[in-house]
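Asks: Chains as they are written, first to last, in this note's numbering: chain A, 1 to 193; chain B, 1 to 193.
Derived by calculation from the structure, the hints in this document are not laboratory data.
Backbone N, C-alpha and C fix where the C-beta goes; we use that ideal spot for every residue, glycine too.
Certain hints may be false.
Unchecked claim - Which chain B residues face chain A? A few, computed with CB under 10 Å, are given here: (1) HIS172; (2) LEU175; (3) VAL179; (4) ILE188.
Here are the chains, one letter per residue:
Number of protein chains: 2
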Amino acid sequence: MKRIITISREFGSGGRTIGKGVAEKLGIPCYDHEVIEQLVERSGFAADYVKSQSEYAPNGSLFVNALNAGNFHGLSNQDKLWTMQRQIIEELGEKENCVIVGRCADYILRDRADCLKVFIHRDFQSRAERIVQVYGETEVPTEKRLKEKDKRRAAYYQFYTDQKWADLANYHIVLDSGVIGIEKCIDIIADLY
Amino acid sequence: MKRIITISREFGSGGRTIGKGVAEKLGIPCYDHEVIEQLVERSGFAADYVKSQSEYAPNGSLFVNALNAGNFHGLSNQDKLWTMQRQIIEELGEKENCVIVGRCADYILRDRADCLKVFIHRDFQSRAERIVQVYGETEVPTEKRLKEKDKRRAAYYQFYTDQKWADLANYHIVLDSGVIGIEKCIDIIADLY
Numbered sequence: 001m002k003r004i005i006t007i008s009r010e011f012g013s014g015g016r017t018i019g020k021g022v023a024e025k026l027g028i029p030c031y032d033h034e035v036i037e038q039l040v041e042r043s044g045f046a047a048d049y050v051k052s053q054s055e056y057a058p059n060g061s062l063f064v065n066a067l068n069a070g071n072f073h074g075l076s077n078q079d080k081l082w083t084m085q086r087q088i089i090e091e092l093g094e095k096e097n098c099v100i101v102g103r104c105a106d107y108i109l110r111d112r113a114d115c116l117k118v119f120i121h122r123d124f125q126s127r128a129e130r131i132v133q134v135y136g137e138t139e140v141p142t143e144k145r146l147k148e149k150d151k152r153r154a155a156y157y158q159f160y161t162d163q164k165w166a167d168l169a170n171y172h173i174v175l176d177s178g179v180i181g182i183e184k185c186i187d188i189i190a191d192l193y
Numbered sequence: 001m002k003r004i005i006t007i008s009r010e011f012g013s014g015g016r017t018i019g020k021g022v023a024e025k026l027g028i029p030c031y032d033h034e035v036i037e038q039l040v041e042r043s044g045f046a047a048d049y050v051k052s053q054s055e056y057a058p059n060g061s062l063f064v065n066a067l068n069a070g071n072f073h074g075l076s077n078q079d080k081l082w083t084m085q086r087q088i089i090e091e092l093g094e095k096e097n098c099v100i101v102g103r104c105a106d107y108i109l110r111d112r113a114d115c116l117k118v119f120i121h122r123d124f125q126s127r128a129e130r131i132v133q134v135y136g137e138t139e140v141p142t143e144k145r146l147k148e149k150d151k152r153r154a155a156y157y158q159f160y161t162d163q164k165w166a167d168l169a170n171y172h173i174v175l176d177s178g179v180i181g182i183e184k185c186i187d188i189i190a191d192l193y
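Just chain A, with the same shape it has in the complex:
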């Protein structure tokens, strides 16, 4: 069984940066946007469409899609993408030791790999400051943007995993990256591996 670190995170908490740092320190690959890229390739959908149907969706229709999906016998595009994403993650989990950021990997690999399940969070205000620093300003006010992303991520996770988002029972270690610091989070996780 491969040894995988899954990193779930609140938007703006620095979870992706931490994932990359841990992977670098351990000399193993870190998968994040690579999953989206593979999804674009396999699905034949346009990259923007795939992103808009994933947890990265910039605005709105995800939850509605997810609900509608249950009302039809065929699979919605949303559901097809979920199925492909699950396959990609399962393949990663069988291929090599690695870090996987987001994408419900903690749930998908729960019985298939020796997972260290990590959750990264941070207080709202400091996430708001961080996303402006890292991603820049957009037309949507920062607070609104953050709240929407939080809602979207939680809805996506809960719909497809049937588990509550951000429930500490699902994680082996949960870190507040604002208080503990990104570097220290990397050290602790890499050391635990």
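Place chain B on chain A using the hints.
Replies: Positioned in the frame of chain A, the structure of chain B alone reads:
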């Protein structure tokens, strides 16, 4: 401002053992049962009564008391004990650097000390095994005992702090002591201090 480590924990997770281990490693005191002892002394109530009205209550009436408390102008005994407990914890938080296990110290000291807020959890089955090992069998079946303690602790915490119990947003670090191991938990927390 004193530097305090507060350890909240699920019953049977080993949080108390971890608290003591951290305190020993750092050469600072660990307060746990000492708070109850002071509470007995100050309140003049019998030790068993104080325990039965606290989160350690072996059976039942806590939540009912907590609800009733709101219906009277005077303070219930439960509320008096909470007020005294809060004072004891506030005094500890002003006196010295220390570890405090349970007793809503994370909430009570939130603006009064430089707190590292820790939560320790562990899966239900392994907690059930651990409480039999540590506390021995009782007449009440282990699973029932565990579920009641969980409910009591959550109700107590939520009633007096107005915060959700076991909400990861309230903690700087959350550790699964079953997966990570008691010794490793001690190392990580002591190192973070």
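Asks: Hey, does the LEU175 (chain B) contact hint survive, CB to chain A under 10 Å?
Replies: holds (6 Å)
Asks: For the restraint on HIS172 (chain B), tell me whether the closest CB of chain A is nearer than 10 Å.
Replies: holds (4 Å)
Asks: When the nearest CB of chain A is found for VAL179 (chain B), is that gap smaller than 10 Å?
Replies: holds (5 Å)
Asks: Can we keep the ILE188 (chain B) interface hint, with Cβ of chain A closer than 10 Å?
Replies: Interface hint status for ILE188 (chain B): holds (6 Å vs cutoff 10 Å).
Consistency with the previously given hints is maintained throughout, with no hint failing.
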